[in-house]
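So the chains spell out like this:
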Amino acid sequence: METDRTRIKAFLSRKVKNHDLRDHENIFAMGFVNSLFAMQLVLFLEKEFGITVENEDLEIENFQTVNAIANLVESKRLQPV
Amino acid sequence: MRIELTTQQENDREGFRAFVDSRVVPQADLMDQQEQTPRDLIDEMAKRGYLGAVLPKEFGGAGMDAITCGILYEEIGRGCSSLRSLLTVHHMVATAILKWGSKIQKEYLLPRLASGAMIAAFGLSEPEAGSDAASVQTTAVLRGDSYVLKGTKKWITYGQIADLFLIFARCDEQPTAFLVERTRPGFSTRAISGMLGVRGSMLAELRLEDCVIPKDNLVCRVGLGISHVAGTALDLGRYSVACGCVGIAQACLDASLDYTSKRWQFGSYLKDHQLIQQMITGMVTNTKAARLLCYHAGSLRDSRDPRAIMETSIAKYFASTTATRVANDAVQVHGANGCSNDYPVQRYARDARIMEIIEGSTQIQQINIARDAYDAR
Numbered sequence: 001m002e003t004d005r006t007r008i009k010a011f012l013s014r015k016v017k018n019h020d021l022r023d024h025e026n027i028f029a030m031g032f033v034n035s036l037f038a039m040q041l042v043l044f045l046e047k048e049f050g051i052t053v054e055n056e057d058l059e060i061e062n063f064q065t066v067n068a069i070a071n072l073v074e075s076k077r078l079q080p081v
Numbered sequence: 001m002r003i004e005l006t007t008q009q010e011n012d013r014e015g016f017r018a019f020v021d022s023r024v025v026p027q028a029d030l031m032d033q034q035e036q037t038p039r040d041l042i043d044e045m046a047k048r049g050y051l052g053a054v055l056p057k058e059f060g061g062a063g064m065d066a067i068t069c070g071i072l073y074e075e076i077g078r079g080c081s082s083l084r085s086l087l088t089v090h091h092m093v094a095t096a097i098l099k100w101g102s103k104i105q106k107e108y109l110l111p112r113l114a115s116g117a118m119i120a121a122f123g124l125s126e127p128e129a130g131s132d133a134a135s136v137q138t139t140a141v142l143r144g145d146s147y148v149l150k151g152t153k154k155w156i157t158y159g160q161i162a163d164l165f166l167i168f169a170r171c172d173e174q175p176t177a178f179l180v181e182r183t184r185p186g187f188s189t190r191a192i193s194g195m196l197g198v199r200g201s202m203l204a205e206l207r208l209e210d211c212v213i214p215k216d217n218l219v220c221r222v223g224l225g226i227s228h229v230a231g232t233a234l235d236l237g238r239y240s241v242a243c244g245c246v247g248i249a250q251a252c253l254d255a256s257l258d259y260t261s262k263r264w265q266f267g268s269y270l271k272d273h274q275l276i277q278q279m280i281t282g283m284v285t286n287t288k289a290a291r292l293l294c295y296h297a298g299s300l301r302d303s304r305d306p307r308a309i310m311e312t313s314i315a316k317y318f319a320s321t322t323a324t325r326v327a328n329d330a331v332q333v334h335g336a337n338g339c340s341n342d343y344p345v346q347r348y349a350r351d352a353r354i355m356e357i358i359e360g361s362t363q364i365q366q367i368n369i370a371r372d373a374y375d376a377r
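Each protein sequence line maps, in turn, to chains P and G.
Counting from 1, position 3 in the first sequence corresponds to residue 3 in the numbering used here; the numbering is continuous, with no gaps.
Counting from 1, position 196 in the second sequence corresponds to residue 196 in the numbering used here; the numbering is continuous, with no gaps.
Mixed in with the good hints there might be a few duds.
Heads up, simulated DSS-like pairs for lysine-lysine below, C-alpha to C-alpha not over 25 Å straight-line [what the hints assert, rightly or not]: (1) K288/G to K215/G; (2) K150/G to K47/G; (3) K215/G to K106/G; (4) K76/P to K150/G; (5) K106/G to K57/G; (6) K47/P to K57/G; (7) K106/G to K76/P; (8) K47/G to K47/P; (9) K47/P to K76/P; (10) K9/P to K76/P; (11) K47/G to K57/G; (12) K215/G to K47/P; (13) K47/P to K17/P.
A short list of chain P residues far from chain G (calculated; beta carbon distances all over 10 Å) [claimed, not checked]: (14) E2; (15) T6; (16) K9; (17) R22; (18) E25; (19) A38; (20) N55.
The set of hints was computed from the structure by calculation and includes no laboratory data.
Only a predicted model underlies this, so the values are computations on that prediction, with no experimental measurement involved.
From the three backbone atoms N, C-alpha and C, an ideal C-beta is built for every residue, glycine too.
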C-alpha cells in the first residue's frame, strides 16, 4: 500500500506544484482537476496497477485523496477476475 | 527506438488503400457536391469491418490496434473526409459505450455498431454551446423509470442517418450522457446543408421535445457526462481527426506532384520551378511529421499510457494546422484549376478548414498543450 501511495503521489505531484501533497488532502478542493486530468488519472491507474476502472468505481470519494485512490487500487486487486 | 509498421499493419494499409482508390476516390467529389454519402459505401465499410475497427472481437469488432485504426483513418481521410467523419463519430460513441456503458448497453449495442446494423452519432454541440461543452442547455429530468430530454443539438455529423445518438444534457444541473435512439417519441432531425467543408457528412440539427427514454439509457453516471464519457469519446475523435488530416495532406501532396509534373509554364514543367519545389518540400516534410506524431500517439494509446491524451492533442493540433497549410499550398500550386470543381484540391482545402474546428478547435488544443507544458516543468 505504501508503494502504491508513493506511485500515486508521484503522478499527482505533476499537477500539484510547490506543495508537498499529503495522503489525506482533497485533490478536488485544490482546484487542478479538470476533465483531461480525470481521463489521465483513469489511464494512469489502469496502466500502473493493471486494473480496470469501471462505472461503479466512479464515486468521487474514491478519487479525492491519495489514501482513497490507494484504497480503490487495493480493492480492485482483491476483486475476482 | 524503432518507428516502423509491422508487416500486418503494412498489409492492412494496402487493403485500406485499395478500397479507397477503387471505391471512395471516384465518388468523393460527387458526395461533396450532392452533400450525401451513398448507403452502399457505408454498407461496404461495415462489411469490411471498418465500422467495428475499434471494438474488440468479443463484441463483433475487428479489434484493430490504435496504429492500424490510425492508418485506416488516414487512408479513408485521403479519399474523403466526410466518410472519415462517419468513422470518427461512430467510433467515438462505440468507444464511450465500451468504456463507460452498462453491461446491457455493451451487450446489446456494441455488436450492432460493429456490424453497421446501427450507425451512431455524437450529440454534444448546441446552438449556444460549442467549445464550452459543459454549458450545454439541453436538460434531462428523471420521471419514474424514464428520463425526459428537452433541447436542441446542432452540427451533428451524420445526424441525418444515424440510428443511435450519444446525447449530453444537464441532469440535476450536472452534465450527463444518454443514449437516444432515433425512434424515440419527441426526437426529430433537420438536415443542415451549405457548409464550407465535409459537405457529404450529412449534418443535422437534433430536436428533443420532451423526448422520453428509459432510465437505463443513462451512460456512466450523472455528472460524469463531460469529464468521462465525452472525454473518452473526444480523445478518440481527436486521434481519428489527426490521422484523417494526414490523409488530407497526403492527398494534397499526391495531387500537387501529379499536377506539377504535367503543367507546362515558362518553358518548363512547374516541378522545375524552385518556388514550386519549396512548397512541395513543405508538404512532404510536414505531412511526414504529422504522420509520425500520429504514430507516436497511436503507440502510446496501444500501451494505455496516460501521456497518450496529450500526445493525441498535439498530433491533432499539428496535423489539422498542417492540413490547412498544405491544402492552401496545393490550391496555390494548381492556380485557377485548383479553385475549380475539376480538381479535388479545393475540396481538400475546404475540408481541412473544418478540421481545425471539430473535436476541439486549434485554440482549445493550444490552451491544453501550453498548460501541460507548464505542468511538466
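Now the hints, each set against the structure:
Distance restraint check for K288/G and K215/G: the Cα-Cα separation of roughly 47 Å exceeds the 25 Å cut-off, and the hinted pair is therefore not satisfied. A distance of roughly 36 Å separates the Cα atoms of K150/G and K47/G; the hinted pair therefore is violated under the 25 Å criterion. Using a Cα cut-off of 25 Å, the hinted pair K215/G and K106/G holds, with the two alpha carbons roughly 16 Å apart. For the proposed pair K76/P and K150/G, the alpha carbon gap of about 38 Å is over 25 Å, so the pair is violated.
This hinted pair checks out: K106/G and K57/G have alpha carbons roughly 13 Å apart, not beyond 25 Å. Simply put, K47/P and K57/G have alpha-carbon atoms about 22 Å apart, close enough for the 25 Å limit, and the pair holds. Only pairs whose Cα atoms come within 25 Å are accepted, and K106/G paired with K76/P is accepted, the gap being roughly 21 Å. For the given pair, K47/G sits about 33 Å from K47/P by alpha-carbon distance, which is inconsistent with the 25 Å threshold.
Proximity of K47/P to K76/P is assessed by CA-CA distance (about 13 Å); at most 25 Å being required, the pair is judged to hold. For a cut-off of 25 Å, the pair hint linking K9/P to K76/P stands: about 18 Å separates their Cα positions. Between K47/G and K57/G, the direct Cα distance comes to roughly 15 Å. Compliance with the 25 Å bound is thereby established for this hinted pair. Note on K215/G and K47/P: the hinted pairing is violated, with a Cα-Cα distance of about 32 Å set against a maximum of 25 Å.
At most 25 Å may separate the alpha-carbon atoms for a hinted pair to count; K47/P and K17/P meet this at roughly 24 Å. Distance check on E2/P: its Cβ is at least 22 Å (rounded) from any Cβ of chain G, clearing the 10 Å threshold; non-interface status holds. With a minimum CB-CB distance of about 17 Å to chain G, T6/P clears the 10 Å threshold, and the non-interface call stands. Chain G leaves K9/P outside its interface by the beta-carbon criterion, the shortest separation being 15 Å against a cut-off of 10 Å.
The claim that R22/P lies off the interface holds: its Cβ sits roughly 20 Å from the closest Cβ of chain G, which is beyond the 10 Å cut-off. Non-interface status of E25/P relative to chain G is upheld: no Cβ of that chain comes within 10 Å, the nearest being about 18 Å off. For A38/P, the shortest C-beta to C-beta distance to chain G comes to about 4 Å, within the 10 Å cut-off, and the non-interface label is violated. Interface exclusion of N55/P from chain G breaks down, the closest Cβ pair being 6 Å apart, not more than 10 Å.
Going through the hint list in order, the structure does not satisfy hints 1, 2, 4, 8, 12, 19 and 20.
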